[in-house]
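Number of protein chains: 2
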Amino acid sequence: MPTPPAPEAKARYIWREGFGVTGLGSDGPMTGTADPRPGSPRGEETRTLILDTAERMFVERGYSGVTMRALTAEAGVNLAAVNYHFGTKDALLLEVFRRGSLAINRERARLLREAEALAAPGTAPVRDILRALFEPPLRATLAGGEASGGRSIYMQFVARAALDGPAEMRTMLERDVRHLERFVAALANALPALSRPELLWRFHFAMGVLHSIYHDLKRLDALADGVCDMSDADAIIGRVVDFAVAGLEQPLPLG
Amino acid sequence: MPTPPAPEAKARYIWREGFGVTGLGSDGPMTGTADPRPGSPRGEETRTLILDTAERMFVERGYSGVTMRALTAEAGVNLAAVNYHFGTKDALLLEVFRRGSLAINRERARLLREAEALAAPGTAPVRDILRALFEPPLRATLAGGEASGGRSIYMQFVARAALDGPAEMRTMLERDVRHLERFVAALANALPALSRPELLWRFHFAMGVLHSIYHDLKRLDALADGVCDMSDADAIIGRVVDFAVAGLEQPLPLG
DNA sequence: CATTGATTCATACATGCGTTTGAAATAAGG
DNA sequence: CCTTATTTCAAACGCATGTATGAATCAATG
Numbered sequence: 001m002p003t004p005p006a007p008e009a010k011a012r013y014i015w016r017e018g019f020g021v022t023g024l025g026s027d028g029p030m031t032g033t034a035d036p037r038p039g040s041p042r043g044e045e046t047r048t049l050i051l052d053t054a055e056r057m058f059v060e061r062g063y064s065g066v067t068m069r070a071l072t073a074e075a076g077v078n079l080a081a082v083n084y085h086f087g088t089k090d091a092l093l094l095e096v097f098r099r100g101s102l103a104i105n106r107e108r109a110r111l112l113r114e115a116e117a118l119a120a121p122g123t124a125p126v127r128d129i130l131r132a133l134f135e136p137p138l139r140a141t142l143a144g145g146e147a148s149g150g151r152s153i154y155m156q157f158v159a160r161a162a163l164d165g166p167a168e169m170r171t172m173l174e175r176d177v178r179h180l181e182r183f184v185a186a187l188a189n190a191l192p193a194l195s196r197p198e199l200l201w202r203f204h205f206a207m208g209v210l211h212s213i214y215h216d217l218k219r220l221d222a223l224a225d226g227v228c229d230m231s232d233a234d235a236i237i238g239r240v241v242d243f244a245v246a247g248l249e250q251p252l253p254l255g
Numbered sequence: 001m002p003t004p005p006a007p008e009a010k011a012r013y014i015w016r017e018g019f020g021v022t023g024l025g026s027d028g029p030m031t032g033t034a035d036p037r038p039g040s041p042r043g044e045e046t047r048t049l050i051l052d053t054a055e056r057m058f059v060e061r062g063y064s065g066v067t068m069r070a071l072t073a074e075a076g077v078n079l080a081a082v083n084y085h086f087g088t089k090d091a092l093l094l095e096v097f098r099r100g101s102l103a104i105n106r107e108r109a110r111l112l113r114e115a116e117a118l119a120a121p122g123t124a125p126v127r128d129i130l131r132a133l134f135e136p137p138l139r140a141t142l143a144g145g146e147a148s149g150g151r152s153i154y155m156q157f158v159a160r161a162a163l164d165g166p167a168e169m170r171t172m173l174e175r176d177v178r179h180l181e182r183f184v185a186a187l188a189n190a191l192p193a194l195s196r197p198e199l200l201w202r203f204h205f206a207m208g209v210l211h212s213i214y215h216d217l218k219r220l221d222a223l224a225d226g227v228c229d230m231s232d233a234d235a236i237i238g239r240v241v242d243f244a245v246a247g248l249e250q251p252l253p254l255g
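As given, the protein sequences belong to chains A and B, one line each in that order. Those letters in the first sequence? Residues 1 to 255, by our numbering. Those letters in the second sequence? Residues 1 to 255, by our numbering.
The hints are simulated quantities; they were obtained by calculation from the structure and are not laboratory data. Each hint can be trusted.
List of simulated lysine-lysine pairs, DSBU-like, C-alpha gap at most 35 Å: (1) A:Lys218 / A:Lys89; (2) B:Lys218 / A:Lys89; (3) B:Lys89 / B:Lys218; (4) B:Lys89 / A:Lys218; (5) A:Lys89 / B:Lys89; (6) B:Lys218 / A:Lys218.
Stretches of chain B that chain A covers, calculated by requiring three or more beta carbons in the stretch to come under 8 Å of a beta carbon on chain A: (7) 163-174; (8) 219-230.
These numbers come from a predicted model, not from an experiment. Heads up, the beta-carbon is just placed ideally off N, CA and C, and yes, glycines get one too.
Full structure from sequences and hints, please.
Right under this line is the structure:
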């Protein structure tokens with residue numbers, strides 16, 4: 001049969017529910033690629049190409065701002081390729097997220113363990129904890145600079161998809177929040193003077209500082225006439241962490 | 001003529017370009033209101049109703065997530081009312097933004113003048129400047145609580161629209177950035193030890209703290225099992241300002 | 001009361017979307 | 001070489017969307 005194989009044959013395409021009826025009509029001229037070897041099974045290559053292109057375009061234009069036609073045209077693959085490899089547009093979004101999320105969370109956990117190993121039990125300094133939390137996503141975001149090419153802009157993607165994407169995406173993000181609890185616990189140890197609400201509010205604001213890097217960098221660019229260097233990732237990470245540390249370690253308000 | 005009056009007759013509907021051809025077809029059953037007095041010219045009332053409903057729904061579902069059919073159904077007006085009063089969906093979005101933006105920026109400017117009047121020339125304290133910048137949008141966002149009804153959720157709207165909306169919207173936001181320059185200037189006076197890049201980075205992070213209130217409050221809610229009180233607007237504003245002040249006033253890094 | 005201008009209404013239209021289809025192309029196995 | 005499983009392709013399909021149309025309704029005016 002020429003139709004896609006049975007569900008889960010290769011852990012892909014879990015879809016299929018109804019049928020259409022072939023008839024007549026027109027959709028305008030196709031804008032597909034002009035690949036000179038049609039039908040060649042480059043398989044995994046196409047899949048990765050779609051994922052990379054989708055990740056970049058979702059960041060630039062938002063979930064509903066990216067049409068399958070624009071996506072496949074830019075990736076240079078056939079319109080039907082996305083449905084063949086991922087089933088639906090929603091499933092593609094979830095896969096893009098999963099791919100980036102896994103890598104970042106693994107790296108965060110590794111850095112946190114490292115920081116805790118260096119200090120006496122339960123006494124890792126605030127700065128090291130924040131660095132473990134901030135550095136992986138920031139490095140992923142800032143890598144490559146203008147020309148990208150480096151690595152993924154995953155966090156920008158997350159920020160957009162959380163607002164814009166399908167409900168399942170938001171559920172997935174909430175599960176991701178559980179991952180943050182280890183960092184809150186570490187901070188609670190490092191800042192024993194803070195009540196739980198006080199700590200949580202400050203943690204929330206610290207996350208806001210982190211997010212300021214993928215939101216509105218255009219605003220900063222507009223205000224600074226080129227005096228802010230966006231290319232030095234290490235320097236930026238240092239600034240972000242410094243600001244958040246200052247907020248977290250500020251003395252308790254009077255009263 | 002029954003068609004809308006000439007452009008700019010009442011500073012509305014600036015649109016109109018082509019014509020359609022009446023023919024046959026069906027669009028499914030209409031879901032319009034069942035208002036018992038059809039054709040009654042309640043005019044301005046309808047316009048405001050659309051604006052309010054649009055503002056709320058754009059926040060909840062994003063620009064492209066709100067269809068004109070859903071919007072008009074929820075507002076209880078006819079589908080064609082939006083095009084009659086605003087021309088296009090894009091124009092409606094811009095109008096929603098303009099309405100909220102004007103009020104907030106006016107209030108910000110007023111508070112800044114007030115703070116500067118109380119101090120010696122060019123010496124307004126950091127905390128007062130930040131309060132002028134943060135309080136108007138925060139109060140607008142936090143007012144009303146769960147049941148809303150209070151006043152606008154304008155900033156959430158802006159955050160979403162900037163990502164999601166038409167290109168013209170982003171242009172409008174950039175123009176809005178110019179408004180922030182007065183606050184940067186005031187902070188430069190209050191923090192003379194900071195170099196311009198240092199100041200601009202810290203200002204950018206402070207804006208991130210502000211934005212943390214309309215992004216991801218769900219995350220905070222998930223982490224805190226009800227221990228964080230979201231209802232006391234004054235307390236929240238105090239916390240946000242405290243955090244940002246600590247970051248802005250932190251000592252310069254060594255080296 | 002007839003006229004006029006503004007607004008609402010039901011319905012239609014054209015377009016673009018995500019998705020499906022069936023066949024063609026490819027590579028691997030025996 | 002024939003078969004088989006996988007992938008690509010052009011073309012459509014059905015549906016939902018933003019917008020347009022023209023008649024109906026209402027309020028005000030003279």
